[in-house]
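Please work from the sequences and hints to get the whole structure.
Residue numbers (the numbering used here), protein chains in the order written: chain A, 1 to 964; chain B, 965 to 1032.
Among the hints, a few may not be true.
[As the list claims (entries may be wrong)] In silico DSS-like pairs for lysine-lysine, Cα to Cα no more than 25 Å straight-line:
id	chain 1	residue 1	chain 2	residue 2
1	A	K671	B	K969
2	A	K311	A	K288
3	B	K969	A	K101
4	A	K584	A	K448
5	A	K807	B	K1029
6	A	K17	A	K448
7	A	K288	A	K17
8	B	K969	B	K1029
9	A	K617	B	K1029
10	A	K584	A	K352
11	A	K780	A	K17
12	A	K352	A	K617
13	A	K144	A	K104
14	A	K821	B	K969
15	A	K49	A	K257
[As the list claims (entries may be wrong)] Derived contacts from chain B toward chain A, CB cut-off under 10 Å, selection only:
id	residue
16	K969
17	M973
18	R982
19	M1005
[Stated by the list, open to error] Here are a few chain B residues that face chain A, going by a calculated C-beta distance under 7 Å:
id	residue
20	M965
21	P967
22	Q976
23	I977
24	A979
25	F980
26	F1000
27	E1002
I should point out that these hints are in silico values taken from the structure, not numbers from a laboratory.
Cβ coordinates follow ideal geometry from the N, Cα and C atoms, glycine included.
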Amino acid sequence: MKDFIIPDDTDMGTPAKEGAPVSLIIDGFDVTVPEGTSVMRAAAEAGIKVPKLCASDNLEAFGSCRLCAVEIEGRRGVPASCTTPVAEGMVVRTQSEKVRKIRKGVMELYISDHPLDCLTCSANGDCELQDMAGAVGLRDVRYKAPENKELANHFATRNTSGEANPEWIAKDDSNPYFTYDPSKCIVCNRCVRACEEVQGTFALTISGRGFDSRVSAGAADDSFLTSDCVSCGACVQACPTATLQEKSIIEMGTPDKSVVTTCAYCGVGCSFKAEMQGDQLVRMVPYKHGKANRGHSCVKGRFAYGYASHKDRILNPMIRDKIEDPWREVSWDEALSFAAKRMRGLQDTYGKKSIGVITSSRCTNEETFLVQKLTRAVFGNNNTDTCARVCHSPTGYGLGQTFGTSAGTQDFDSVEHTDVVVVIGANPTDGHPVFASRLKKRLRAGAKLIVIDPRRIDLVKSAHIEAAHHLPLRPGTNVAVVTALAHVIVTEGLMDEAFIRERCDWDEFQTYAEFVSDPRHSPEANEMLTGVPASDLRAAARTFAAGGNGAIYYGLGVTEHSQGSTTVMAIANLAMLTGNIGRKGVGVNPLRGQNNVQGSCDMGSFPHELPGYRHVKNPEVRDLFKEAWGVDIDPEPGLRIPNMLDAAVHGTFKGLYCQGEDILQSDPDTKHVAAGLAAMDCVIVHDLFLNETANYAHVFLPGSTFLEKDGTFTNAERRINRVRKVMAPRNGYADWEVTQLLANAMGADWTYTHPAEIMEEIAATTPSFAGVDYALLEEKGSVQWPCNEDHPDGTPLMHVDGFVRGKGRFIVTEYVATDEKTGPRFPLLLTTGRILSQYNVGAQTRRTDNVVWHEEDLLEIHPHDAENRGLKDGDWVKLASRSGETTLRATVTDRVSPGVVYTTFHHPDTQANVITTDYSDWATNCPEYKVTAVQISPSNGPTDWQEDYAAQASKARRIVSAAE
Amino acid sequence: MAPDKMIRMGNQIAAFFRTQPGIDPAVKTLEHITDFWEPRMRQQLRDYVADGGAGLDPEVIAATKMMA
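Laid out in structure tokens, this is it:
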């Protein structure tokens, strides 16, 4: 149990401040804190707890409960310590007869309108109201009802005569994860402030005044579920009583221990406390010292962990001769020897390079490292790839070419220092919600926002934020738009010449400047092509270039195009042009999709490079691994995922070990993926569930969840965070153990006993990880690579004194139209994305109550296009491309432009990827998910393909248990 | 891999390097293909060029002919 950490979660009352030191005396102790700090926080720093109810250190002070009153020498009255800033020489007394009396009076008032059912209350043992009643010594409530009247209150359902109490409001349990019980509310405002300040959704408010004040979600007839609430959990965390309470706590009771770990959903990589009763998970609470999330969470990480104990989880290994057969449950030994024999047999018949692996961007670094090691050291080839192929591989190539490393340049804290934010091809409020909350906080503080996206995403306009510019470009024209922005900056002389001269190759800049200044790159010349009004584009360019610290955040709307890599280079050019590299508040920030997609790339999952992004052609790198692993490393690049499938159809690639990915659902052109999988003789799926890919598998190895193993994830800011085992693997083995068993069944002699040993091997072979070990992670909590002798504490900001490659390199970015074009048969452009409540292929989130927010994929279509086709909101429509067709229901909305339709890919019965094509990025083969020419027509049922698919899937999932 | 896919992928690479100043696009295309295409894919390309290379851009054909 040595990995268990007891977090120090003392609430300091008000947020930390930065400023010149101020010294004061509190209860006789000398305290020095930064200017602007509250007296309450200063006291907490000295270990003195001032009673409080409405204050919390993640919210600005509010000063409403009056419980934190203190005496300050030379000041009149009893100021609230939360709203009073420290001053030099101040002398504070937190305890005196006077304040004690006041506090007791305050508590007496609170308790006079609060039920005294503490023993059976769900917050028993975790209630600040209870704590404070104890802290102030409240022993009696003296308020009595006037004669012949009841004492007005909010908690009794009926009065003593049996009449309904008009002040009582029933519990709202519409949200699947938490309840709102108004009878327990003390109207401290913490939930409302958390919704505003922390989450930035503004779904909660206080309705009424005085005694009638109530917390209210949305409008008068809304419930929590129907309101704008995004179920991030910030209000529940803020609530000092049982008013807002997790249903799991109501059901199970309070946890008895807590372990810090890392969320296994998106690339933000939030730190959480897994709160446990024995080996039962009671709740996940965001960890306030987590450097990626700073105590915040979203509905997925906070609540959607139920998949870990879902009945669909497969816990026993299974095999079958042919995919037409039902599955047969077998022992681990039998499954592993079956798999090993088949894989080795394939190599004997079809050659060493006829098998390969797909590493998981959801598993840990240590697990990924072992999977690529399996192919390189045991299979003897470089046939390894990962889901980053289909998301951020262009980032690796594009940033590598311009800056010399694929690394995103900043940490998430950097957003607090930015003045102008460009969000391009990303929808953070859905895809990276906790980062979005941090971004929105900065926007509310005055930073400007430029959104470049075909859709009017929520960031364009929502509560208290509005983009200064939204450039709704036509899908596929990113390069033209970003190059036009550069055109404006260069031709209007807005570039940072000093930065360019000092930090970049000046000759290359000259060539680039000449290229970009050509009138054919002007916004006016491109308006017809991109659909972006030239004046808007010019205004956006000026805002970015002249607005102070400029930061660019981008997602898969940039990379998943035939010119994905070129757009990444164009973005890097833009950052260099404006001098926005190498300090806080600026930079090029790829928002990575999955929890460990950064780590899976770092760990050598790509077929052309060994861990640490070093090409397999380099003999000195191969020698290093030969030394470590005792085998020769193949000097030729291996097959990428699309190439594996092509080779499979061609008959030269026959066996695949696929860990924690569902390529049949997530990869483009489903029919081609299915054909590739069907052509293989040994597909080993290692996963939690019988996913879609498993329909074509011969071996199923059950996987473990992030709660069941030790390891590390690396998030989008290169932060290496610990994942900690809080329960035993339900399937018997952690995933790294399963890979080791398979390797050993194939003749390897691996003897790892803990992931820490794998990390030692990673550090020994990978320069950017050289300084990383579990002891360091225990000590620091997390660290951002590069972490080595030169950067012992890690590297929050890249390229501070110079680019990794030396001089930054400007690259000419000519727009090349994709071959995927609209025409009479397919006149609309389909683009795809994510929704907040669901994650990727939905294998996890579909198996949680998150389905109440999104139970099916919907097609967004502009009213104009809908009307032309006679479609109404909610109609079933057939969506067809040259690749395939499916049906789903339509949502008519002007969030999309005319000519553009949009859907998500979370549900296999819709299977949006049967529509997408095999076109891909020129440099990396990253599929062009974001542009598919389609036609839409009314429909009254599933397509033939959907019916065939469903029939095949149901047949492929039959299981004969071992006993039969 | 289907020939039309190989042709498109090859031509896409050449299309990028054609736009780059001061380099030989065929040489850069060759380097890119050598770095990222698995030997089976390169062999398929070689075979296709040996058969005439219909549909391939000149830079791709030149690159393929330079392959060791």
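> Which numbered conditions among the earlier hints are violated in the structure presented, ordered from lowest to highest?
Replying inline: 2, 3, 5, 10, 21
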